[in-house]
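Given the sequences, and given the hints that come with them, work out the whole structure.
Protein sequence lines, in the order shown, are assigned to chains A and B. Numbering-wise (the numbering used here), the first sequence opens with residue 1 and increments by one. Numbering-wise (the numbering used here), the second sequence opens with residue 1 and increments by one.
Think of the hints as simulated: they come from the structure by calculation, not from any bench. Everything numeric in this text was worked out from a predicted model, so none of it was measured. Glycine included, C-beta positions come from ideal geometry on N, C-alpha and C. Keep in mind that the hints are not guaranteed to be accurate.
Said to hold, decoys possible - Computed spacing ranges between beta-carbons, pair by pair:
id, chain 1, residue 1, chain 2, residue 2, range
1, A, Y41, B, K176, 56 to 66 Å
2, A, P163, B, D63, 18 to 28 Å
3, B, T14, A, V167, 56 to 66 Å
4, B, D63, A, V167, 43 to 53 Å
5, A, H74, B, D349, 38 to 48 Å
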Amino acid sequence: MSLQLIFYDELKGFYKSKVMIALWIIFPAIALLIHYISSLYTDGAISVSSTVSLIVSTIGGLVASIMLTVSIIHEKDARVYDLFLIRPIKRWHILISKFFAVFICVTVAGLLALSLGILSDYLLQNELILDIVLPGIIDSFIITISIIGISCSFGVLIGVISPSVVVGVIIIIFIGQYVEIIPLLPIIFEIENSVGFVVLLGVMVTVILMILSIFAFNRKQF
Amino acid sequence: MEKQIRCTKCSKITSVTGNPGDEIIVTCPSCGAKGKIKFEGEKEFNPSDKLVIFKNVSKKYKDVLAVNNASFEIKKGEIFGYIGPNGAGKTTTIKMMVGLLNKTSGELYINGYQMPDEKEKAHKFIGYLPQQVAFQQWRTLNHALTTFGKLSGMEKNSIQPRIDELLTILNLKEYKFRKVGKLSGGTIQKAGIVQALMHNPDLLILDEPLNGLDPESRYQVKQILRDLSKKGTTVFFSSHILSDVQDVATKICIIDWGKIIKIGTMDQLKYEFSKQNQIELVLAKKADIFHEIKKIEGVESIIERSPQKYLINVGKNVDADEITNTIIKTLMKNKCRIRSISPTSPSLDEVYQYYLRRGVKN
Chain A
1 MSLQLIFYDE LKGFYKSKVM IALWIIFPAI ALLIHYISSL YTDGAISVSS TVSLIVSTIG
61 GLVASIMLTV SIIHEKDARV YDLFLIRPIK RWHILISKFF AVFICVTVAG LLALSLGILS
121 DYLLQNELIL DIVLPGIIDS FIITISIIGI SCSFGVLIGV ISPSVVVGVI IIIFIGQYVE
181 IIPLLPIIFE IENSVGFVVL LGVMVTVILM ILSIFAFNRK QF
Chain B
1 MEKQIRCTKC SKITSVTGNP GDEIIVTCPS CGAKGKIKFE GEKEFNPSDK LVIFKNVSKK
61 YKDVLAVNNA SFEIKKGEIF GYIGPNGAGK TTTIKMMVGL LNKTSGELYI NGYQMPDEKE
121 KAHKFIGYLP QQVAFQQWRT LNHALTTFGK LSGMEKNSIQ PRIDELLTIL NLKEYKFRKV
181 GKLSGGTIQK AGIVQALMHN PDLLILDEPL NGLDPESRYQ VKQILRDLSK KGTTVFFSSH
241 ILSDVQDVAT KICIIDWGKI IKIGTMDQLK YEFSKQNQIE LVLAKKADIF HEIKKIEGVE
301 SIIERSPQKY LINVGKNVDA DEITNTIIKT LMKNKCRIRS ISPTSPSLDE VYQYYLRRGV
361 KN
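Structure follows, in C-alpha cells:
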C-alpha cells in the first residue's frame, strides 16, 4: 500500500517537474539539431532516428542519475524524509519508488524522442531505409534502457551516501561516464548476443546497487 | 504465562514465567547451566499507563555525549514539557523517541514497544512535528497532508474532512491547494502541526512546536494541546520558551548538557526552589525588626523592598515552614501586625535558571 502510494506520488512529482518537461523537449531538439548539422556534411546519410538513439543513450543515463542524486540529497538535507520515516512504512519503499519513477520518466522521454525520430525518418525518407535502420534502433534502445537502469541505481546510491549535492554530482559525472563502456563490453569480449549480455549485466548491476543503497539508507541516522 | 522447562544437563524441571514475545535467559537452580527460552506469541500492548519509558538512555556522537543516562516516564494524558538551553540534547532525545536516531545504550519503550527495534509498530501511535518541518516542494498542501494521512493508515473517506477540520482550526483553509514551496515559514510550521495531528495519535511528539508562530497561532496551538490532553492524548513537547511550557505542561523536565536535571510538576519545581530561597513579609505598619529577625537561626539576610515589605533570605538547608513559624512568633512577640508572610512564588524562568546553575555545579 505505502509502496504504491509513494511510487505514484514520486512519478507525479517527477513527470511534472521542470527537468522532465525540459528533457521531453531537449531530447528531440538536440537530436534534430545534430541531425541537421551532420546532414550538411554527410548528405543525410544518417537517419534522424539513429541520431536520436545516440543522444538518448549518451545523455539519458547521465540525466537520470543526476536527477536522482540531486533529488535525494536535497530532500535529505531539507529533512523531508523525517515525516515519512516516522510513519509505519519501510524505508526502502522511498528509494524503490524514486528509482522506478525516474527510470520510467527518462525511458518514456527517450521513447518519445525516438518515436519522433522514426516519424521524421518516415516522412523525410523512404520506407526501405527505415526497414534497415529500425532493428538496430530497437536493439540500441534496449541497451539504453539497461544503461538508464544502472545509472538510476547509481544515482540513488550516491544520493544516499553523498554528503552534499556538489560532491554527489561530481561523483556522478566522474564515475558515470564509465557506465557508457558497458555497451562496448560484448565487442571487447567478443560476445555474440550483445543485447542479451548488456540487459543481463544491466539488471544484475542495478539490483546490486539498489541493495547497497537500501542497506545504506536503512542504517542512516536522521 | 508460565512454562515448564527441563535442564539439558541435569534434567531438572523448572518453571519460568514471562510475557508473550519475551526472550529470557534461564539459569538452572540445580546445576547452574544457562539457556535461552522464548515465549510464543505477539508481544501484548503495554497494559500500564506509561506511554513512554526511558531507562538510562544515552546517545553518543563520536566524542560528544548528547544524552547522558536519561531516565523518565510519561503517563497517558500528560503534557510533558521538555526544556533546556540550545544544544542541551532535546532534539536528540526526541529523535530517539521517534526512531530517527538509535540510542547508544539504555532502554526506550513507546507504548510498550522497544525502540528502535519495534519502531514500525510504535509509529502507529506517534504524531511527530520535527524542529525543521519540510514537505516536498512540488506538492500542494492538500496533497502532502493526504499522503501523510494515507501513510498513517487513515481511512480514505476520513482524510479530507479531517484535513478541512484542522486547516480551519489553524486558519490555513486558504492555503489548502497552494504549492508547499510558496508557503511562508509560519504557515509550514502550522502545516507541520496539522500532519502530526491528522491521524489522532496517542502520543504527540513536538519539537519546538511554537517556533515561528504569531501570538494568535501560539494561543490556538496551546489550546489544541490542552484539549487533546483532556481527551487522553499524551503530549511531549520541547521548547526553550519557558512561558509556553508554563502555560501548557502538566509535567516539566529540565535537561542541560544531555543530563536530566529535574523532573516534576510546576508546583513541585517551584516548591523546592522556594523552600530553599526567600520569604516575603508584608507588615501592616513599618517596624524596626531587622535586628530581631536576623537573630533567628537560618536567616541569612533581610532586605527592605519598600517601607512595609521585606524579603528574608534563608539558608538552603533550612525548613522554610519552620522558619516562617519562628518569624511569625518573633514578630508577634514584638507586637508587629503581619499582613502576609509566604515563601516567594518564583517564575518558571527563575526556577529554570536555579536548576540549570545547580546542574552545572553538580
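We went through each hint and held it up to the structure:
no.: 1; hint: Y41(A) - K176(B): 56 to 66 Å; result: holds (57 Å)
no.: 2; hint: P163(A) - D63(B): 18 to 28 Å; result: holds (20 Å)
no.: 3; hint: T14(B) - V167(A): 56 to 66 Å; result: holds (59 Å)
no.: 4; hint: D63(B) - V167(A): 43 to 53 Å; result: violated (25 Å)
no.: 5; hint: H74(A) - D349(B): 38 to 48 Å; result: holds (40 Å)
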